[in-house]
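2 protein chains.
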Amino acid sequence: MRCRGFMAAGICAGIKKKNAKDLGLIVADVPATAAGVFTRNKIKAAPVLLDMERLGAGTCRAVIVNSGNANCCTGEQGMADARQMGKVAADRLGVAQDLVLVSSTGVIGQYLPVEKVEAAIPALFEALSADGFSDFAEAIMTTDTRPKTLARTVKIDEKYFSLNCVAKGAGMIRPDMATMLCYVCTDVAADAQALKALLVDAVDLSFNRITIDGDTSTNDTVLLLASGASGLSLSDAQVKAAFKEALDAMLVEMAKMVVKDGEGVTKLVEIRVSGAASDVDAKKMADAVAHSPLVKTAFFGEDANWGRIIGALGRAGAELNSDTIDIFFDDVCLVKNSQWQGADAEAAATKVLKKPEFVVAVDAHLGSGAYCCWTSDFSIDYVKINADYRS
Amino acid sequence: MRCRGFMAAGICAGIKKKNAKDLGLIVADVPATAAGVFTRNKIKAAPVLLDMERLGAGTCRAVIVNSGNANCCTGEQGMADARQMGKVAADRLGVAQDLVLVSSTGVIGQYLPVEKVEAAIPALFEALSADGFSDFAEAIMTTDTRPKTLARTVKIDEKYFSLNCVAKGAGMIRPDMATMLCYVCTDVAADAQALKALLVDAVDLSFNRITIDGDTSTNDTVLLLASGASGLSLSDAQVKAAFKEALDAMLVEMAKMVVKDGEGVTKLVEIRVSGAASDVDAKKMADAVAHSPLVKTAFFGEDANWGRIIGALGRAGAELNSDTIDIFFDDVCLVKNSQWQGADAEAAATKVLKKPEFVVAVDAHLGSGAYCCWTSDFSIDYVKINADYRS
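Sequence lines, in order, name chains A and B. Under the numbering used here, the first residue of the first sequence carries the number -10, and numbering increases by one thereafter. Under the numbering used here, the first residue of the second sequence carries the number -10, and numbering increases by one thereafter.
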């Protein structure tokens, strides 16, 4: 997985308790155009605040990321630590400090051991290579069970452009802004404004539509860096259309990968609502189902407990006719006009629930409002993982 | 536990799979003044719709309740079944049908075996007695592990009045209207309007402030029946004040009992927010903390993971200064001005978390807005119970 104009690395700096990779770096050969989308949580980690400030300029030479510590709720010391982490990378590169972005992920409320970052800088830069993205992907993991990377290449006439994407997820995942760390590198040429608009749209279709536990992290960040090394530019309408299509599809695929690797997750479920009075109502209904612990535990139990789905729909705050609701599990209609369709339908629906991925579709028969999002089941392991996370 | 003017009973009618009590009855000697508060879920079970209609008159002679079947999402058949269940009780009593209220609780979407109710009517009326409330309490249980009853008596000069309260809870518990079944009998005399106003206020202080899993049931009902047998009336200001105090306190106590017996619950936690910009903001913050699966699993793990609490506060949609938040576990200040207070405070807070009941208090230092509510931990057993509920 390569992207012209970028190198990456991931090494062990001793920040995590276990001896695992915990420090990552992406470096652009020349200043890349950069766009970012950040958590809407009012409590923002120090590196998020720093990046929001630095992205105003729309360019970036490097991103340095640690896992094992979120550098959040760390006050002035935390801001100083985030700046220092960026500074040591900027000094090594010989560039201005504000050309380096910084991310952190892990436990909230402990000071970042920035001296460990400093000590690891020589080894980190030593490790930089065009093939370093898989090491980088490992270095940003927290409770993820596997690194998450995707790559796409699109041919336009004789030329081609690439996109690659690295993300971490696992917990505190909710459809309210980026909900994770994600870094997309591309070799198209772009101006910062166009890049930002495309990123916002793509995130809205993908990371803003997933939930694992309904909690929004304080450190969520999605960055998109464009090197221009392909010789293709977003100012060309054909390139822009192809790039938008590739970016949207890639982030949807990555969003689903994040849910599938969510804490304790055994099922990826698409919640599709149609026939709502409006799109806003459809979103409310889909979100209520996607977040309901009773629905999610029933998914885990492979129980087609549609009463809980209809209960969630009823409390969503959307317009609803209580007699006209249809519910499908994949293509099995279990509920028609709000009533159970019998034992055969139940048996068929139960079969669908045994699959690792399926669709729950709701038709409210009220209007043309529609929305879809992705959720997971709620398992015994989710509770185990989160009861013991810090110990 | 007695209340002058009322008798009650609870028997096994064969509606539940297991051989357990599943049919209950309360009968007033004379028509009692009645008030009710019902679920705000747009999907309402047939008996809820029936009771809302019948309570318009403000009087009631009997309440018949089954567990094991919610009679919800059962269409016209369900409405006919609810009416029939009321009719067989009314016929036996020799009163008009609309003087009988009906409740159901259990699985959604299956037709009520109303013939079992009919067959059990003679035995049910046979069992009626002034001491029958504990049998009634058993008969309305679903996944509750114990029956829930409370009684209070208040002396006014030479006379006294009584209140008794029976409830079931266990799952689908959220602070959005009654969230359970609850029946309060009293022997004061009251007009229906005064009774309704007192009930609404008391529910707002109690059942509307508890959450176990954030789901709102389709069958929630709180009924308050007043026989007048004490000779004391709410038209007397002294009686009314004493009654209000007793009712409010009783429903708060019952609300906490419901949380403590929630599915898989091992902790009852009071979330107290002060210093918010407004009471509405304080409620948003308390609700976000009370509903967060990450916070609730940390409670289960007895982990003072304040980062998750601050994360929930930040996404609550309330005004917030990210540098002025204090968090207490009982009287231990773990976070001051949004920063950790060190290992000694952490050790003391961890000790608090080992208790079965404790308070998490948040001071936002912004204004005088305040709110409190009650939540539970989120345990492995919650998931186990709800993954397997129907099977």
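Since the hints were made in silico from the structure, they are not lab data. Some hints here could point you the wrong way.
Note that the list lumps identical chains together, so a pair holds whenever it fits in one copy or between two copies.
Claimed, not checked - Below, in silico cross-link-like pairs of lysine-lysine (BS3-like), each with a Cα-Cα straight-line distance of 27 Å or less:
1. K340 with K233
2. K233 with K76
3. K325 with K76
4. K344 with K185
5. K340 with K229
6. K144 with K105
7. K76 with K229
8. K6 with K343
9. K325 with K31
10. K343 with K373
11. K340 with K6
12. K373 with K344
13. K373 with K185
14. K249 with K373
15. K6 with K144
16. K148 with K344
17. K5 with K233
18. K325 with K144
19. K105 with K148
Tested hints:
1. Proximity of K340 and K233 under a CA criterion of 27 Å is satisfied in neither setting, with 37 Å inside one chain copy and 53 Å between copies.
2. Taking the shortest Cα distances, K233 and K76 never come within 27 Å of each other, neither inside one copy (34 Å) nor across copies (64 Å).
3. Proximity of K325 and K76 under a CA criterion of 27 Å is satisfied in neither setting, with 61 Å inside one chain copy and 29 Å between copies.
4. Neither within a single protomer nor between protomers do K344 and K185 lie at most 27 Å apart by alpha-carbon distance, with minima of 37 Å and 49 Å respectively.
5. For the homomeric pair K340 and K229, neither the shortest alpha-carbon distance inside one copy (43 Å) nor that between copies (58 Å) is at most 27 Å.
6. Taking the closest pair of Cα atoms, K144 and K105 never come within 27 Å of each other, the shortest separation being 43 Å inside a single copy and 70 Å across copies.
7. In this assembly of identical chains, K76 and K229 lie within 27 Å of each other by CA distance neither inside one copy nor across copies; the values are 34 Å within and 70 Å between.
8. For the homomeric pair K6 and K343, the shortest alpha-carbon distance between copies (25 Å) is at most 27 Å, but the shortest distance inside one copy (37 Å) is not.
9. Taking the shortest alpha-carbon separations for K325 and K31, only the inter-copy value of 17 Å comes in at or below 27 Å, while the best intra-copy value is 42 Å.
10. Taking the closest pair of Cα atoms, K343 and K373 come within 27 Å of each other both inside a single copy (22 Å) and across two copies (17 Å).
11. In this homomeric assembly, K340 and K6 come within 27 Å of each other (Cα to Cα) only across copies, at 24 Å, whereas the closest approach inside a single copy is 42 Å.
12. For the homomeric pair K373 and K344, the shortest alpha-carbon distances inside one copy (23 Å) and between copies (19 Å) are both at most 27 Å.
13. Within a single copy, K373 and K185 get their C-alpha atoms no closer than 38 Å, and across copies no closer than 44 Å, so neither meets the 27 Å cut-off.
14. When the C-alpha separation of K249 and K373 is checked against a cutoff of 27 Å, the pair qualifies both within a copy, at 17 Å, and between copies, at 21 Å.
15. Taking the shortest alpha-carbon separations for K6 and K144, neither the intra-copy value of 44 Å nor the inter-copy value of 63 Å comes in at or below 27 Å.
16. Taking the closest pair of Cα atoms, K148 and K344 never come within 27 Å of each other, the shortest separation being 41 Å inside a single copy and 66 Å across copies.
17. Taking the shortest Cα distances, K5 and K233 never come within 27 Å of each other, neither inside one copy (37 Å) nor across copies (56 Å).
18. Taking CA atoms no more than 27 Å apart as the test, K325 paired with K144 passes in neither setting, with 47 Å inside one copy and 56 Å between copies.
19. Within a single copy, K105 and K148 get their C-alpha atoms no closer than 43 Å, and across copies no closer than 76 Å, so neither meets the 27 Å cut-off.
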